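Peer 1: The residues making up each chain are set out below.
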Amino acid sequence: MKKLRRKVYMVAGYNTVSMGTGRKEFNPKKERPGLEEYIKEAGQGTLKLIGGAKNVDECAIGNFMASRFNKQANLAGFFPYIDEGLRGKPAIRVEGACGTGALALVTGIKSVLAETAEVVLVIGVEVQNTVKAIYGADILAGAGWFKERKDGHAYFFPGQFSDRAGAYFEKYGRDKTRKAFARWYRNAIENARLCPTAQEFHNTVTDLEAQAMMEPNGKGFVDHLNVFDCSKVSDGASAIAVVSEEGLKRVGIPREQAIEVIGFGQVEEDLTQKPIDQTELSTTRLAVKNALESAGITIDQVGTAEIHDCFTVAGVMAIEAMGLADPGKGPDFILEGNTAREGKFPINTTGGLIGWGHPTGATGVHQAVTILEQLTGKAGNSQIKLSPDRPYGLSVNMGGNDKTLVSIVYHRG
Amino acid sequence: MTYEERLQNVTVLGAAGKMGSGILLLTALEMADLNLKPEGKGKKFVIHAIDISHEALRGLMKYLRAQVLKAAEKKIVALRSLYKDHSNLIENSEIIDQYVADVISLVMPSTSTEPALESFLIFEAIKEDPELKVKILSYLNTNNPNQPWFFTNTSSIPIGVLDKKAKLGGRIIGFHFYNPPAVQKLVEMIAAKDTLKEVQEFAMTYAKNLRKVVVPSNDVAGFIGNGHFMRDILYATREVEKLQKELGFVEAVYTMNHISQDYLIRPMGIFQLIDYVGVDVCSYIMSVMQSYMKEEALHCPLLDQMLALNVKGGQFSDGSQKDGILKYEKGKVIGVYDPDKKDYLMIADFQHKVNEKLGPMPAVQPWKNIVNNPGKEEILKDYFTTIKNATSPGAELTKAYALKSCEIGIQLVTSKVAFSEKDVNTVLLTGFFHAYGPINDYLK
Chain A
1 MKKLRRKVYM VAGYNTVSMG TGRKEFNPKK ERPGLEEYIK EAGQGTLKLI
51 GGAKNVDECA IGNFMASRFN KQANLAGFFP YIDEGLRGKP AIRVEGACGT
101 GALALVTGIK SVLAETAEVV LVIGVEVQNT VKAIYGADIL AGAGWFKERK
151 DGHAYFFPGQ FSDRAGAYFE KYGRDKTRKA FARWYRNAIE NARLCPTAQE
201 FHNTVTDLEA QAMMEPNGKG FVDHLNVFDC SKVSDGASAI AVVSEEGLKR
251 VGIPREQAIE VIGFGQVEED LTQKPIDQTE LSTTRLAVKN ALESAGITID
301 QVGTAEIHDC FTVAGVMAIE AMGLADPGKG PDFILEGNTA REGKFPINTT
351 GGLIGWGHPT GATGVHQAVT ILEQLTGKAG NSQIKLSPDR PYGLSVNMGG
401 NDKTLVSIVY HRG
Chain B
1001 MTYEERLQNV TVLGAAGKMG SGILLLTALE MADLNLKPEG KGKKFVIHAI
1051 DISHEALRGL MKYLRAQVLK AAEKKIVALR SLYKDHSNLI ENSEIIDQYV
1101 ADVISLVMPS TSTEPALESF LIFEAIKEDP ELKVKILSYL NTNNPNQPWF
1151 FTNTSSIPIG VLDKKAKLGG RIIGFHFYNP PAVQKLVEMI AAKDTLKEVQ
1201 EFAMTYAKNL RKVVVPSNDV AGFIGNGHFM RDILYATREV EKLQKELGFV
1251 EAVYTMNHIS QDYLIRPMGI FQLIDYVGVD VCSYIMSVMQ SYMKEEALHC
1301 PLLDQMLALN VKGGQFSDGS QKDGILKYEK GKVIGVYDPD KKDYLMIADF
1351 QHKVNEKLGP MPAVQPWKNI VNNPGKEEIL KDYFTTIKNA TSPGAELTKA
1401 YALKSCEIGI QLVTSKVAFS EKDVNTVLLT GFFHAYGPIN DYLK
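Going line by line, the protein sequences match chains A and B. Numbering of the first sequence is given in this note's numbering, commencing with residue 1 and proceeding in unit increments. Numbering of the second sequence is given in this note's numbering, commencing with residue 1001 and proceeding in unit increments.
With the rest of the complex left out, here is chain A (with noise of 0.2 angstroms):
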């Protein structure tokens, strides 16, 4: 992977509340804001910081399955409505099911490197609780191949990673991979209570492990995995604007309030094959190495990282497959402490997918907003101190099993 020809930075993030059960305001059978109010929020979110819609030259917003949850394609046609200053400049909309955010955000990236843009204005949004959960489950099942949807499970993607999960526990052990899934759990919830945004930030249950630890039923379910290893089904967006050095003097936002994207790496798998091995997360593997050497540094240089755990045992894979810990050994880093907020890896620091929420499309934005926040100090209670000698801030942004992968090095900038 070459390293970039032109600095890029990221900056003023904005995220909406993620909004599902779980939030004391969230009641399903009352009217909620909609598709367009969650862009509208986070898109006007950040051009405030920006210095308003005349400083940008290109838009991109990133959604899965509008088309189905909310009836609604088209969403680049939505950049006007957030202000009036966004007609008549350049939009896309770009779809990689649960990837979609990262891709927003490389779309991002590319126009700023290739000079069309030095402002990109990139949005990631999804407003899932238009419908109930199972049938929720079918719209998200076209993140698989749709040949494979007549033999998944009712819950499709549960059944994939519950599948994973069973692999998992055959290979290694089951005792303490569940108990390490437990970890997981109380962690993101943990770090959720410390950002008012996240959708588990009311969640006071005392023992999130012990709770964790609940049985799962595939009569009523899946087999290995618990609704506690899930992420749940959420509303929100997430923005950030995307600039060159130039355009970061037009937004009159100093570089120390940027974060720099330092390399990374986008890879592709074929939707049509199953995975080569169930315990391994081989296409995230291939990501964080590209992202990595695009960037010139090691894992042992990251200082914190969001990843995708849209299922506790997509985590434990994921420390895995970015080196953190060998095969099999994922769940005694994690039970060691190393990923809690206070250990010298922490992860997810503002609750990840499980603890702050999937708005499947803004989640790689939420990714990035939550690195912006952490490397430039702007985090507010969820604020971790990092490392001088790892100063380094990773995303993993996952869409599909394992098929659409986005992994991004940060800086300070």
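None of these hints come from the bench; they were simulated from the model. As the structure is a computational prediction, the values presented were derived from the model and not from experiment. Using N, Cα and C, we set each Cβ at its ideal position, and we do this for glycine too. Careful, some of the hints might be misleading.
Said to hold, decoys possible - What follows is a set of in silico ranges between Cβ atoms, one per label pair, in the way DEER data are often shown:
1. 1441/B / 328/A: 39 to 45 angstroms
2. 213/A / 1208/B: 27 to 33 angstroms
3. 1441/B / 211/A: 55 to 61 angstroms
4. 213/A / 1441/B: 32 to 38 angstroms
5. 1004/B / 173/A: 43 to 49 angstroms
6. 21/A / 1319/B: 34 to 40 angstroms
7. 1084/B / 211/A: 31 to 37 angstroms
8. 44/A / 1310/B: 55 to 61 angstroms
9. 1084/B / 21/A: 28 to 34 angstroms
10. 277/A / 1044/B: 46 to 52 angstroms
11. 1146/B / 210/A: 53 to 59 angstroms
Once you have looked at the hints, place chain B on chain A.
Peer 2: Frame of chain A, contents of chain B only:
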């Protein structure tokens, strides 16, 4: 005839009623599941939904569709496997829609009893009127060539009486669902003296497949559930008669409702429960029980008085509570009917005064926090010990009420209505959602 064969042609009489619609729903789901199993494929299943008006049947079909949809969504994991050979059904939504259509297609609504003449199994959930029941059962039995089996949902009439008067030859069993049947886990099963063994065996299998908790009861009018409930009503209303001299009528009704709900940690106060079941229904059940129990006075003047004033309670078709002895707002009790003023008096206007008279209520969590609490045994023991040691008027009324409830329960066992104390407690726990059984040692 196998279990499956018997369920191939079923009738529910009174299908649009509160109980009948639930029985129809559960049975139709069971039939559809049999039909979808490999051994049931290609077989014809039909369930006749019989009731007196087209309008009520239309409402029934609407209710069924909504309920089957809910059931389908809940059991989608199993449905995907049942429909695995249907290659055109891929998404959950397609499978759920097909299942709803498959279940509904089994149901044949009718206002005539004619279709019941071809059934092998007939559920009876019509009005709690012994003469009417005997008349219809007798007619069906005489004209149906299949020697059908009868499952009656009566909650008060002895099964042996129906068997004998309708000349059913032991092909009847009491199968008493609790309201609403789709939700309540409990079924009281009452075999009459001559009820055939194979009918009982079938009933057990059917109950098990419906995942119901079966409590056997002896064939004594009222059985266990109403045996306890009706005497509970009589006790509470007699206490009202005593208390009203000092407090006034509405205050006395409020007091006994408050004691039975909050002090006794029950899901509803006794007068709310009367309204829920219906004042007229409660009164009718008592009169039916009375006709078989001459030695005991099972008559409640307070219910008569309310009925004479057309105060009936019961529910609206959407399941919400109608005003009865109490007045409701969004399901919450807000008033009590005053027979003198012929209007409701708002509880907020007198509650404070009455509660002061009852004295401080010992701290305890509400029923909903306790009923499924794994540590409830300890909570209840502590609470009732506090009640036992307290001397406030509220605590005294609570003690007396709890002891009476316990006495009624024990009486059901000694008079051989229930087979055991455990059965009595199971009925109150699962059929009435009490947090504890009435027969307990809390106050000893």
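Peer 1: Now, for every hint given, state plainly whether the structure supports it.
Peer 2: Now for the hints, and whether the structure bears them out:
no., hint, verdict
1, 1441/B / 328/A: 39 to 45 angstroms, "violated, 54 angstroms"
2, 213/A / 1208/B: 27 to 33 angstroms, "holds, 31 angstroms"
3, 1441/B / 211/A: 55 to 61 angstroms, "violated, 33 angstroms"
4, 213/A / 1441/B: 32 to 38 angstroms, "holds, 34 angstroms"
5, 1004/B / 173/A: 43 to 49 angstroms, "holds, 44 angstroms"
6, 21/A / 1319/B: 34 to 40 angstroms, "violated, 24 angstroms"
7, 1084/B / 211/A: 31 to 37 angstroms, "holds, 34 angstroms"
8, 44/A / 1310/B: 55 to 61 angstroms, "holds, 60 angstroms"
9, 1084/B / 21/A: 28 to 34 angstroms, "holds, 31 angstroms"
10, 277/A / 1044/B: 46 to 52 angstroms, "holds, 50 angstroms"
11, 1146/B / 210/A: 53 to 59 angstroms, "holds, 56 angstroms"
Consistency with the previously given hints fails for numbers 1, 3 and 6, ordered from lowest to highest.
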